[in-house]
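A.B. asks: Below, each chain spelled out in residue letters.
Number of protein chains: 2
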Amino acid sequence: MFTRMQTLTTEDINKIHQASMAILKETGIVFNDDECVEIFKKSGAKVEGRTVYLTEEEVMKAISQAPSSFMVKGRNPEKNVKLGGNDFALLPGYGAPFITEPGGHQREGTFKDYEDFVKLVQTSKSINMNGFLMVEPSDCAVDAAHLDMFLAGLFNCDKPLMGTPLSRKAARDCVELLAVAYGGRDKLMDHPATVSLCNSLSPLQFSEEMASSIVELVRGGQAVCVAALIMTGSSGPITIPGVLALQNAEILAGLTLAQLVRPGAPVIYGSTSSAMDMKSGSLSIGAPELSMFTSFTAQIAQHYNLPCRSGGGLCDAMMTDAQAGAESAFALFNAINSGVNFILHTAGILGGYISISFEKFLLDEELGAMISRMVRPTAFSDETIDLATIQKVGPGGHYLTEPKTFKLCRKEIYQTGLMNRQNYEGWQSAGSKNLEQVATDKVKERLASFVAPDMPASLKADLLQKAAELSGGAALKIKA
Amino acid sequence: MFTRMQTLTTEDINKIHQASMAILKETGIVFNDDECVEIFKKSGAKVEGRTVYLTEEEVMKAISQAPSSFMVKGRNPEKNVKLGGNDFALLPGYGAPFITEPGGHQREGTFKDYEDFVKLVQTSKSINMNGFLMVEPSDCAVDAAHLDMFLAGLFNCDKPLMGTPLSRKAARDCVELLAVAYGGRDKLMDHPATVSLCNSLSPLQFSEEMASSIVELVRGGQAVCVAALIMTGSSGPITIPGVLALQNAEILAGLTLAQLVRPGAPVIYGSTSSAMDMKSGSLSIGAPELSMFTSFTAQIAQHYNLPCRSGGGLCDAMMTDAQAGAESAFALFNAINSGVNFILHTAGILGGYISISFEKFLLDEELGAMISRMVRPTAFSDETIDLATIQKVGPGGHYLTEPKTFKLCRKEIYQTGLMNRQNYEGWQSAGSKNLEQVATDKVKERLASFVAPDMPASLKADLLQKAAELSGGAALKIKA
Chain X
1 MFTRMQTLTT EDINKIHQAS MAILKETGIV FNDDECVEIF KKSGAKVEGR
51 TVYLTEEEVM KAISQAPSSF MVKGRNPEKN VKLGGNDFAL LPGYGAPFIT
101 EPGGHQREGT FKDYEDFVKL VQTSKSINMN GFLMVEPSDC AVDAAHLDMF
151 LAGLFNCDKP LMGTPLSRKA ARDCVELLAV AYGGRDKLMD HPATVSLCNS
201 LSPLQFSEEM ASSIVELVRG GQAVCVAALI MTGSSGPITI PGVLALQNAE
251 ILAGLTLAQL VRPGAPVIYG STSSAMDMKS GSLSIGAPEL SMFTSFTAQI
301 AQHYNLPCRS GGGLCDAMMT DAQAGAESAF ALFNAINSGV NFILHTAGIL
351 GGYISISFEK FLLDEELGAM ISRMVRPTAF SDETIDLATI QKVGPGGHYL
401 TEPKTFKLCR KEIYQTGLMN RQNYEGWQSA GSKNLEQVAT DKVKERLASF
451 VAPDMPASLK ADLLQKAAEL SGGAALKIKA
Chain L
1 MFTRMQTLTT EDINKIHQAS MAILKETGIV FNDDECVEIF KKSGAKVEGR
51 TVYLTEEEVM KAISQAPSSF MVKGRNPEKN VKLGGNDFAL LPGYGAPFIT
101 EPGGHQREGT FKDYEDFVKL VQTSKSINMN GFLMVEPSDC AVDAAHLDMF
151 LAGLFNCDKP LMGTPLSRKA ARDCVELLAV AYGGRDKLMD HPATVSLCNS
201 LSPLQFSEEM ASSIVELVRG GQAVCVAALI MTGSSGPITI PGVLALQNAE
251 ILAGLTLAQL VRPGAPVIYG STSSAMDMKS GSLSIGAPEL SMFTSFTAQI
301 AQHYNLPCRS GGGLCDAMMT DAQAGAESAF ALFNAINSGV NFILHTAGIL
351 GGYISISFEK FLLDEELGAM ISRMVRPTAF SDETIDLATI QKVGPGGHYL
401 TEPKTFKLCR KEIYQTGLMN RQNYEGWQSA GSKNLEQVAT DKVKERLASF
451 VAPDMPASLK ADLLQKAAEL SGGAALKIKA
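Residue numbers (our numbering), protein chains in the order written: chain X, 1 to 480; chain L, 1 to 480.
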């Protein structure tokens, strides 16, 4: 198909690949974790201090062991997701320190907000997986927050979820809780129940927290997404090709670590690199360059035959306004259309990651549903063209009362639960509301009618007990 | 490149083509204009009353004479546009009866509004052509409105513009005024100075106004876009393949007429078919199906080797809110990315064509500029990857002070003139404005500082005199 978004040639991709290989071999990459450095040393890689140098052979051998697609199991097996090839999952926003209220006011997030986002995920028709750290719960104990959030996810949602890669300890806790939920550690090894986000620290570093989380989670049978977020001209080169070469080196190094820990471990090649705004000096995730990075990153991941991660409904807007709608639509459409498989931040993010909003979540899940309709295959057959009806209606007639219209209208035409399709008079009688106002009402309705999915009381008690053990005395907010 | 938007197979396109050929041969199509019927008769086509029956041979012979791309000249030759292949032009909204004020209030449009939209087009960095009938000017005399609007376009804008296909008379008037502007009718014949929108009346009809406009404009050397707007389940089948077959029959019949009038006439294959909303029974142009129609239509036009037209920033939203942003971003991105060449309605439209808004215009022209950045080719070379700098900065450094960052930052990174990229504090000190409010301010600034492009006083006088003659005594609003 003709597309104006650029298709990388084999030569383009080889240039990126060769540059990345030169970076890893000659400049090396720093892993700020002793065990990781040992793992690389043991594998035969050259190591100086905490700088690891990798050859093309070492990297490609490791990468070739990674599966091109895998399944993530949910508590409800009907909600398992497949990641890779043509299969993709949409996930909520991640890591927002603040909540944006309607109108744009920001406030600190609470554990109740976190639970409410889990409830929106559970009741969403388009979000396929639950997230982690959707908002930072400011009222949780520091040592227990990851346990509170993880259990909030398990108690209120039966879709697959994300792990807790905040530290070596937190990553271990994730596996411990999963072992309780699934009846033993050995039950976790055939299919992961979580995917965790393990970012590089650009340029060319991995923090102790991220590096050790990769090791612990992979050991526990869980999938990791190794992703870079490089800002052009700041944490990476000013050019798009330069950033692609740098992030490729970082991602491949992280994925190599995962494969050394456990050959064949399910992993994802990820990036949300974007532009630095030249006026403010801050990251712009509403920038058109974000969609270019998404498209190029997907093409490079496809070259390595790896599942790919990008951002979703990303924007720099401070409230759920026209800017939020447009930037998020660009970002999410390009993620899905480019073939990305694991689309984090699909729903809720505002202000360049600084906050998450309930109204924005509803907008974005709708955008995800709309794009899913756009990419649903259409069959071109004698039956779908239905020449006989066209010839019967003829010039000047109408199709309103044709039997096929009645039969197919609900299946063929997407029906929106959020967007205005009324005329001016209808819109006025409904209160002349903008989308943010409509979404505010709908959030309330959805949370008010929420029913948690079933979970045996004994399992809930076991999980709470295990979490209490793991919290080392810190008080948990989560209740049965 | 991998895309999840569906690529039509040769077999899919053949199925559409064969169905359209069967429709034209067996069911026929009605042209409600005697001269058009005569033209078909003379060409040897079968005609019964005003129903014209066309064979595949007749259609394909005609279509094969149409150019695959052509140039439209502006008053300022530096602003000429090429339509076809990889070249595309963005145009403003068309045909809106109302103006939407900030907040969503609708009011009737005036001639001053029309002139203001021309001024926005002239000063736009992304809109390449001026439109026609951007808003219906309720204070113009009925017989003179097309003359007022056309001259407002010529006086305030030196980009190529759209013609006035409201009736046979209006189409003739367009050619007469162009002859004055360009120094004689013969000066119009090598390159058109206008493109006119000539819609079919689905299913399977052309109104007298549209049919006769095709004839008059093509005779005058002007380009015509023959387009269908079919509503699924209402003026066409409920299925997407059915609508594609029906609209293809209509468009090809109209283009055949144009080629019979003047073989080799520059023409455009167009559609903005979309879904009927099942709840309201009204047209939805924010529907995901619109983008599917755009993509499929572009692929079919490419099959016939013809320039293609679609809609642009289309939406069902009643004001410039998050819905407007998202729906317009989907529609415009898919138009540009699918390879559409003539993108009408790029900027301004709200409420399913019912109104146009100055604020929405500013949003949409920004979206057009952002997408143009996304599709700008990136060179992958040793220079753009710049391995030496990556290796010099190494792990843990930064690129802020690298010479390349200074040298390339303005060229490499898109700079927005509309979107918020400030942090929360910066956004608050700027007044905590949503995009609609920001755009309201910017519209005022741009109109206040408008300077009309040069036009010799004598030419202006000649055009006004000719328009006065053509108006048959109706008072013109346009002034020198």
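Bear in mind the hints are in silico, worked out from the structure with no lab data behind them. Bear in mind the structure is a predicted one, so any value in this text is a computation, not a measurement. Note that the Cβ used here is the ideal one computed from N, Cα and C, for glycine as well. A portion of the hints provided could be inaccurate.
What the hints assert, rightly or not - Sample of chain L residues at the chain X side, in silico, Cβ under 8 Å:
#1 Glu35
#2 Lys61
#3 Gln65
#4 Pro67
#5 Met71
#6 Leu166
#7 Ile336
#8 Leu367
#9 Gln391
#10 Gln415
Unchecked claim - Taking beta-carbon pairs under 7 Å as the criterion, some of the chain X residues facing chain L (in silico):
#11 Thr10
#12 Asn14
#13 Lys15
#14 Ala388
#15 Gly396
#16 Asn420
#17 Ser429
#18 Ala430
#19 Leu447
#20 Ser449
Unchecked claim - Just the calculated beta-carbon pair ranges, DEER-fashion:
#21 X:Lys46 - L:Gly417: 29 to 35 Å
#22 X:Arg410 - L:Ser64: 39 to 45 Å
#23 L:Gly417 - X:Ala474: 48 to 54 Å
#24 L:Asp143 - X:Gly281: 53 to 59 Å
#25 X:Gln18 - L:Ser429: 56 to 62 Å
#26 X:Thr7 - L:Asn305: 17 to 23 Å
#27 X:Arg410 - L:Thr401: 46 to 52 Å
#28 L:Gly184 - X:Pro403: 56 to 62 Å
#29 X:Lys279 - L:Gly184: 19 to 25 Å
#30 X:Phe2 - L:Glu48: 48 to 54 Å
#31 L:Ser432 - X:Lys279: 14 to 20 Å
#32 X:Glu57 - L:Ala430: 51 to 57 Å
A.B. asks: Quick one: which hint numbers does this structure break? Sort them smallest to largest.
C.D. replies: 1, 2, 3, 4, 5, 6, 11, 12, 14, 17, 18, 19, 20, 21, 25, 27, 29, 30
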